[in-house]
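**Student:** These protein sequence lines are chains A and B, in that order. Once you know that position 38 of the first sequence is 19 in our numbering, the rest is easy, because the numbers rise by one and skip nothing. Once you know that position 3 of the second sequence is -16 in our numbering, the rest is easy, because the numbers rise by one and skip nothing.
To be clear, the hints were calculated from the coordinates, so they are not data collected in a lab. One or more of the hints may lead you astray.
If several chains are the same, the list does not tell them apart, and a pair holds so long as it fits within one copy or across any two.
[As the list claims (entries may be wrong)] In silico SDA-like pairs for lysine to any residue, Cα to Cα no more than 20 Å straight-line: (1) Lys219 - Glu105; (2) Lys245 - Val47; (3) Lys162 - Pro424; (4) Lys162 - Ala422; (5) Lys219 - Phe195; (6) Lys162 - Pro345; (7) Lys245 - Asp428; (8) Lys219 - Glu14; (9) Lys245 - Arg44; (10) Lys379 - Ile95.
Protein chains: 2
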Amino acid sequence: MSALSPLLATLAQRIGAAHVLTDPADMAPYLHEERGLYRGEAPAVLRPGSTEEVAFIVEACARAGVALVPQGGNTGLVGGQMPFGQMLLSLARLDRIRAVDPVDMTMTVEAGCILDKVHAAAEEAGCLFPLHIASQGSCRIGGNLSSNAGGTAVLRYGNARELALGLEVVLADGRVWNGLKRLRKNNAGYDLKQLFLGSEGTLGIITAAVLKLFPQPAQRATAFLAVPDPTAALALLKRLRGEAGDALTTFELMAAFGVETVLKHMPGTVRPLAGAYEWYVLAELSSPTRAFDLGALLEEGLGAAMEAGEVLDAVIATSEAQAANLWRLREDMSEAQKHEGGSIKHDVSVPVSRVPEFLDRALPACLAALPGLRPCPFGHVGDGNIHFNLSQPEGMDKAAFLALWEMFNRIVHDIVTEMDGSIAAEHGIGLLKREELAHYADPVALDLMHRVKAALDPVQTLNPGKVIGVQVG
Amino acid sequence: MSALSPLLATLAQRIGAAHVLTDPADMAPYLHEERGLYRGEAPAVLRPGSTEEVAFIVEACARAGVALVPQGGNTGLVGGQMPFGQMLLSLARLDRIRAVDPVDMTMTVEAGCILDKVHAAAEEAGCLFPLHIASQGSCRIGGNLSSNAGGTAVLRYGNARELALGLEVVLADGRVWNGLKRLRKNNAGYDLKQLFLGSEGTLGIITAAVLKLFPQPAQRATAFLAVPDPTAALALLKRLRGEAGDALTTFELMAAFGVETVLKHMPGTVRPLAGAYEWYVLAELSSPTRAFDLGALLEEGLGAAMEAGEVLDAVIATSEAQAANLWRLREDMSEAQKHEGGSIKHDVSVPVSRVPEFLDRALPACLAALPGLRPCPFGHVGDGNIHFNLSQPEGMDKAAFLALWEMFNRIVHDIVTEMDGSIAAEHGIGLLKREELAHYADPVALDLMHRVKAALDPVQTLNPGKVIGVQVG
């Protein structure tokens, strides 16, 4: 009988023995980290079924001096959801849609709702919840909010932070803060929800949220384009935004290597353009109004862009199936890359106007460091956010390549920092980038973060050692 | 020679004697509070000319145990900018536009820039900065950000908080946090700027900001409508949003009393509709695209709304001058109300769908409390934000009426709180609503606010006693 047995017995009595997992096989799915970068360890996985049960667990653990790691869908890319000896608290059973209100354009959902389920519930009410990321079939909204997820519609709708109107949060001492306001304007004191959005479960555990909804698009127009270079892509972005305004909802840049990798490895994908080019763009217009024809607008814009040399070739989807195929060329990129061996990933952002300069500097710097390297930059160029992924040289030992992770981090993150960018654009810091943050962040900023952590979680009950290190003293 | 003389001498040496005002006549404009609710008192008004000078002042004052009240344009409506014995720190001289970047769609401005100047600089670069409030000719952007200002375009563009990408802030101990990132996505640790946005100068002093810009509208369509009641206004809101999508940028509800008061007192205003009605709406569509005709869209939508009984009569502006006149009926309302004697004001919000219910409850409750009262509710119904102003009965003594402020607060704020609304939608808490916040707020929320304050300003150097009281112990 371990020292934790009395605590576990107390918890089992409250939330049910079936929801206190201690068998390694039962715990395995929660402790397995997708990228294989970490191996989680926990004395138990706790699966509360309500906010009250979460509060009970946190209070009991805080009293016992036992720390907790909250977890949603376990799709995080920086290890934020992995315990290393702490209890794992899964929010998966808190998965009710509490309310959808199409007049207020809000919905109230529990943290464990899978993102796809949130989309479906919004759609059923004739609305749109616009957060779209590759893991939407398994990630959970609490994790999306805790990590301030981005995705492919940020250009128009903003990050997860901008999509939350209210939160319900279990605090580090087990108290519940009910901030589930369905309000568009509220300046009654400090905006406390901002503390918990994006803080990766280190300041509180989000148990429910009020989300902003939008009118459902009545039409879409999707195009796949070859562009000469990233500078041309930016010119095209400016052009399409000027012509289509808010209707430009997606604008993604991709290097040839990524597109070819998808076409090679992902069954059912179809080459969209006859020629081979160095850079591609996926652009989508969508709008709730039928007052004008988005397809015609896009066609006209692309015609002018071709004349101006911003676009080399283009295809506009003429069916939903075609649009879905074009989307796969972008969305399957991370998955396809796995077939090409090891990949060292950077999730960086710079001011939008500096994306070409960033690529012009980072690509040769990385190729010089390791000849044969196959860079796979792609991402949300309209947000200045590039997933600067590096596939290993063909034939190189995968482990030997991955051992260069820190070296490449230094090259890429040095350039990003010099360009006033961010080393963590939309995936967060977690554990993977904690030392990078400590290395690059302004000491004043780090001090403020530690002060906030100490104010909200003074005894380090919640996700200790994530985002910022545990401060001693 | 007062105890402060050595400190004032030190400050004068650093920022120039001309910028340390101690003469009552020189200080008067800074200590005069527009509504006449407060009379400010300060040993000196300090007018630094740079961020470094602000930092010097804060550090010197913190060392000397002297508190500061930051002030922008002195247009705040809740007394947040008023000192009561503290030093007044005016940001007015920090008024440079540091940069405008139309590709990034950002601009970097100093806190003291007047909002109109920010608009003009954005426009010059072919962009839009969409924050519009009645005081834009004299309010300053630092104050707008510190109070998370709202205004008439929140429906489409969000509050001031959503319009800030980065901040530069002088902390309570005089250190400078440089968070002037021009990034659309940045999850490198806690989002520190959120602490300072909307906290009314109690956690740090905003000295500069990176603002989001938007494409400039290429067309506008403005209509003034008579509607049967607030429920019909909501139905119309839903209709127009469905048809125009993001192009619906303003949707303001006004009771007859307010419109009549403007027409009576404000020279040059013109009656827009022949008949007299109980409720009016100002609606505006605007869009950067010329791909469709907003005027035609609005006309069609209003035609259908009239058939559905949502609109009783309507006029669409056919010139900019006409549009400006329609706007004045809404924008001059607070000014016009001054001619009708005392006004007790509430700046409240409820979920959008509950605005009619709120009005149905609050109007009779107030009229029952004081027969002859002339309610003047108006505001941003698309945001659920009503300025529930109450003009005194004709002939009543103004002071006797204003003595009822707390009684009316209790009536209105009780209803708002029961409806899960906010007692401070867009004007903030300041001093005026501090006790109301203490009365209504969840004790857990208040405790969190005090913890944040203690973490960032432990010795109460910045705007002590505003938003939340000074915690002793």
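**Student:** Next step is simple, just say for each hint if it's right about the structure.
**Tutor:** Here is how each hint holds up against the structure:
1. Lys219 - Glu105: between (34 Å within a copy, 17 Å between copies)
2. Lys245 - Val47: neither (48 Å within a copy, 68 Å between copies)
3. Lys162 - Pro424: Close across copies (16 Å), not inside one copy (35 Å); limit 20 Å.
4. Lys162 - Ala422: For Lys162 and Ala422, only the inter-copy Cα distance (12 Å) is at most 20 Å; the intra-copy one is 33 Å.
5. Lys219 - Phe195: between (24 Å within a copy, 11 Å between copies)
6. Lys162 - Pro345: Answer is neither; intra-copy 50 Å and inter-copy 26 Å both fail.
7. Lys245 - Asp428: For Lys245 and Asp428, neither the intra-copy (48 Å) nor the inter-copy (57 Å) Cα distance is at most 20 Å.
8. Lys219 - Glu14: neither (39 Å within a copy, 44 Å between copies)
9. Lys245 - Arg44: neither (54 Å within a copy, 66 Å between copies)
10. Lys379 - Ile95: This pair counts as neither: shortest intra-copy Cα distance 33 Å, inter-copy 57 Å.
When the structure is compared with the earlier hints, violations turn up for hints 2, 6, 7, 8, 9, 10 and for no others.
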